[in-house]
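Let the hints inform the model, and build the full structure from the sequences given.
There are 2 protein chains.
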Amino acid sequence: MSNKSSPSLNTSTEQAPLPASFLAALADIFTAAELLTAPADCWTYGYDNSRRHVLPQAVAFATSHEQVVATVLACNQFNIPLTARGRGTGTTGATVPLQGGLVLSLERMNQVLEFSPDNRYIRVQPGITNQQVQDIVKAHGFFWPPDPTSAAFCSIGGNLAYNSAGPKAVKYGTPRENTLGLRAVTGAGKDLRVGVFTSKGVVGYDLTRLIIGSEGTLAIITEATLKLTPLPEATKTLRAVYQDVFAAAKAVAAIMAQPVVPCALEFIDGNAINMIRQYSTCDLPENAGAILMIEVDGQREGLDSAAQKVADSAKNDGLLDIRVAQTREEVQALWQTRKALSPALRKVAPKKINEDVVVPVTEIPTLIAGLDELSKQYQLPIINFGHAGNGNIHVNLLLNPDDPEQSARAHQCLDEVFSLVLKLNGTLSGEHGVGLEKRDFVDRELDANSLELMRAIKRQFDPKGILNAGKMLPLG
Amino acid sequence: MSNKSSPSLNTSTEQAPLPASFLAALADIFTAAELLTAPADCWTYGYDNSRRHVLPQAVAFATSHEQVVATVLACNQFNIPLTARGRGTGTTGATVPLQGGLVLSLERMNQVLEFSPDNRYIRVQPGITNQQVQDIVKAHGFFWPPDPTSAAFCSIGGNLAYNSAGPKAVKYGTPRENTLGLRAVTGAGKDLRVGVFTSKGVVGYDLTRLIIGSEGTLAIITEATLKLTPLPEATKTLRAVYQDVFAAAKAVAAIMAQPVVPCALEFIDGNAINMIRQYSTCDLPENAGAILMIEVDGQREGLDSAAQKVADSAKNDGLLDIRVAQTREEVQALWQTRKALSPALRKVAPKKINEDVVVPVTEIPTLIAGLDELSKQYQLPIINFGHAGNGNIHVNLLLNPDDPEQSARAHQCLDEVFSLVLKLNGTLSGEHGVGLEKRDFVDRELDANSLELMRAIKRQFDPKGILNAGKMLPLG
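The listed protein sequences correspond, in order, to chains A and B. Each residue of the first sequence is one higher than the one before, counting from 34 in the working numbering. Each residue of the second sequence is one higher than the one before, counting from 34 in the working numbering.
Hints may be right or wrong, so weigh each one.
What the hints assert, rightly or not - So these bits of chain A aren't anywhere near chain B, every CB distance computed over 12 Å:
{"#": "1", "residue": "51"}
{"#": "2", "residue": "141"}
{"#": "3", "residue": "352"}
Said to hold, decoys possible - In the DSSO-like style, the derived pairs of lysine-lysine whose C-alpha atoms are separated by at most 30 Å in a straight line are:
{"#": "4", "chain 1": "B", "residue 1": "491", "chain 2": "B", "residue 2": "223"}
{"#": "5", "chain 1": "A", "residue 1": "171", "chain 2": "B", "residue 2": "204"}
{"#": "6", "chain 1": "A", "residue 1": "497", "chain 2": "B", "residue 2": "223"}
Source of the hints: derived by calculation from the structure; they are not laboratory data. Backbone N, C-alpha and C define an ideal beta-carbon position, used for all residues, glycine too.
Here's what the structure looks like:
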């Protein structure tokens with residue numbers, strides 16, 4: 034949820050000052066240019082894209098694995114909370130330094146260590162951005178499938194910490210399916226090399242995937258071996274317009290039940306369409322109640338018929354219009370409605386709660402119907418869009434920033450949204466993660482035994498609990 | 034390694050008899066038809082395909098999750114070693130009940146709990162065979178990608194326990210990439226539901242993949258939600274013959290560097306070809322030094338040109354012959370040489386050590402050259418074949434069963450094989466797992482910190498250490 038203006042969190046002004054001996058230890062590890070301690074300098078490192086803020090007491094910029102080890106050891110010695118951070122594009126407050134202490138920024142640890150096109154991997158430091166990796170490997174005919182919307186800015190380390198995906202996950206998977214191995218430093222300051230340099234490997238427990246998605250609570254990733262996928266020769270874009278969301282959801286299930294797996298299967302609901310109509314020209318039929326944006330990729334030969342198969346499966350009684358783009362201009366035109374969504378959202382509601390729940394694709398209609406009812410019950414506009422092929426729906430509750438009563442209602446509504454999602458065999462987050470925003474809802478999804486094991490694992494990796502304290506797992 | 038005739042293991046005759054009160058507890062959980070205690074009845078449940086044997090003191094056949102919970106609690110109460118078992122097709126001794134105690138067979142827990150084609154998953158009990166799952170989902174146009182050679186007999190539970198894959202892993206991944214969630218019982222008898230019913234989910238640590246590949250040492254899987262993939266419309270088979278293994282390995286790297294990912298990329302070396310020549314007719318050129326068997330699948334339209342692209346990338350100076358099968362008969366003819374391999378192997382060497390090491394594909398030539406040298410040095414024939422697209426090579430050391438001195442030499446040779454693999458950034462096992470066979474080599478691949486964490490995780494899941502004791506992790 035965005036735009037938390039006054040989080041009820043500790044701020045560093047309430048923290049004891051950092052011990053001089055700890056600061057001296059940091060000064061041994063980092064150059065003056067790699068260390069910030071003045072509050073004004075540290076300020077921006079207290080935010081992430083959740084717009085929550087807690088001022089860190091110091092910020093260090095690592096450029097090497099050894100610096101990370103030394104930092105974690107120093108934080109252990111002096112019991113200093115340590116929050117690792119990439120580019121701060123996360124939306125859940127996961128990199129907000131809840132207890133003050135040290136923020137370790139990895140943005141300068143951004144080198145390519147090894148690129149092996151023949152072995153289909155690239156080994157990188159965590160601070161490199163997703164886009165930088167894509168640009169490098171593209172030149173050799175590859176891509177790394179995870180494609181969060183923030184790809185141009187977000188770091189690979191962040192992608193791995195939150196198992197961040199994007200539209201392409203429907204065909205190509207998330208970071209957990211696209212990472213071979215890691216180097217990392219545990220909360221105890223211990224050096225780990227986990228995983229392999231090959232596309233198979235079954236020796237020992239899978240610590241690679243345990244660390245991926247652990248939101249910086251177990252270990253700090255200092256190196257990642259990313260599995261690369263060959264770029265498809267071509268992509269075809271389709272747009273299908275439906276009279277209502279139920280027809281669109283039915284089409285999603287039908288598309289996912291036939292052999293051609295789209296590389297994007299995105300959904301926009303009627304409320305979103307109505308909002309877009311107010312702020313931009315819109316080439317949609319009057320009675321459009323939902324849109325699917327579909328992309329199919331692969332070998333050029335046969336792609337037209339693959340797109341046709343998807344188009345055929347997308348047809349049902351509620352289909353109003355379906356178009357397959359034939360030119361680059363048509364592709365842009367078809368995406369225009371989707372692209373108008375974010376600016377329109379900002380205009381309508383500068384304050385919103387944006388969730389990323391997931392349900393099995395056949396449950397999308399029930400989810401949307403339930404959200405409609407909740408919208409009426411709580412008198413809150415709800416706009417839905419997202420990665421329908423994965424059942425990953427971004428549920429946006431629009432708020433009036435000048436109405437504090439509405440904000441309380443929104444949180445009650447959200448509570449019911451989560452209950453609905455879990456009743457439908459869904460999960461509370463598909464790609465944004467837990468951080469602070471969903472921490473207190475996690476025990477509704479996970480059973481007590483699983484949580485107990487997760488807490489035990491956390492203690493094994495991070496016995497003093499210094500790594501990203503108070504995040505992800507509900508407070509015990 | 035197969036044909037261990039006299040394992041230096043404890044046998045159950047050395048074990049204290051099972052307490053009467055434990056047996057009474059079992060009799061409360063299981064019907065008489067679900068419980069074996071006579072040694073002659075228990076005998077066959079002491080083996081797996083490693084041909085090691087330790088007699089279990091009792092064998093129980095669970096049909097429900099609740100029985101598994103009750104069994105684990107009883108084993109905890111009475112400190113009885115507990116080895117879960119599927120169909121016993123594993124090759125590493127992982128289901129051999131090293132310390133006697135109870136073998137819990139899950140072969141009768143073989144029901145489909147839910148099949149949801151529209152959501153692309155099937156929820157099954159662990160005792161169902163891989164082939165049974167394939168047959169059920171095929172009728173709806175799907176398959177489950179993991180395809181071990183033993184698919185007709187091996188259980189899904191076993192596939193998950195060892196993260197077993199097969200040829201298709203090169204395109205479609207292993208069980209870790211093809212499983213959404215699990216239900217399981219920890220070594221402490223605690224009920225777990227981990228993972229999701231959707232293709233995305235990032236709430237909590239990834240216990241699903243931690244349990245997959247843990248060889249029954251952390252928890253007993255009682256239910257699995259398998260992610261299904263649409264069946265391709267068609268498959269094309271190619272066979273490329275090279276003058277030597279180096280030319281073939283170069284082709285593997287070239288094939289993996291272009292956009293069409295084969296669904297099988299199998300390799301046979303010159304020693305294997307020579308052996309096949311002795312026992313069957315062979316349509317290969319005289320000077321054939323290596324073969325690649327390649328399959329490409331996908332939409333029918335465009336598949337010929339996809340196969341052509343692969344064929345083009347397979348060409349190099351060392352290529353002697355390449356054929357693309359045009360008919361079903363030609364497909365069978367091309368596979369004939371590969372299929373003649375196993376019977377020929379059995380004739381040449383009824384005793385062999387079969388390893389499944391993995392190296393980055395570009396290191397295959399160096400691996401094969403190194404194996405050649407070791408073969409000469411230790412005067413042992415070595416035959417190599419396997420899943421080249423993953424760099425997963427089955428290294429077979431052929432032994433004369435009447436020569437005990439040779440067996441000692443073989444183990445020394447094996448030691449050097451593992452050192453070579455690790456030097457090449459490889460891993461000791463791609464799909465067979467560790468079990469007993471590689472347990473004592475694991476600490477060469479994994480660092481001490483990783484092992485320490487794995488042991489700590491083991492203690493958290495299984496505080497009394499009753500689950501598959503003495504397997505997978507080196508004895509501390």
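- Message: Quick check for students: does the CB of residue 51 (chain A) sit more than 12 Å from each CB in chain B?
- Response: Answer for residue 51 (chain A): holds, closest chain B Cβ roughly 28 Å.
- Message: Need the status of pair residue 497 (chain A), residue 223 (chain B): alpha-carbon distance at most 30 Å?
- Response: holds, 26 Å
- Query: Are the Cα atoms of residue 171 (chain A) and residue 204 (chain B) separated by 30 Å or less?
  - Reply: holds, 20 Å
- Could you let me know if the closest chain B CB is still more than 12 Å away from the CB of residue 352 (chain A)? holds, 18 Å
- Task: Take the C-alpha atoms of residue 491 (chain B) and residue 223 (chain B), compute the straight-line distance between them, and say whether it is at most 30 Å.
- Result: This hinted pair holds, its Cα atoms lying about 14 Å apart.
- Message: Verify this label for me: residue 141 (chain A) is non-interface relative to chain B, using a Cβ-Cβ cutoff of 12 Å.
- Response: holds, 25 Å
In the structure shown, no violation is registered for any of the earlier numbered hints.
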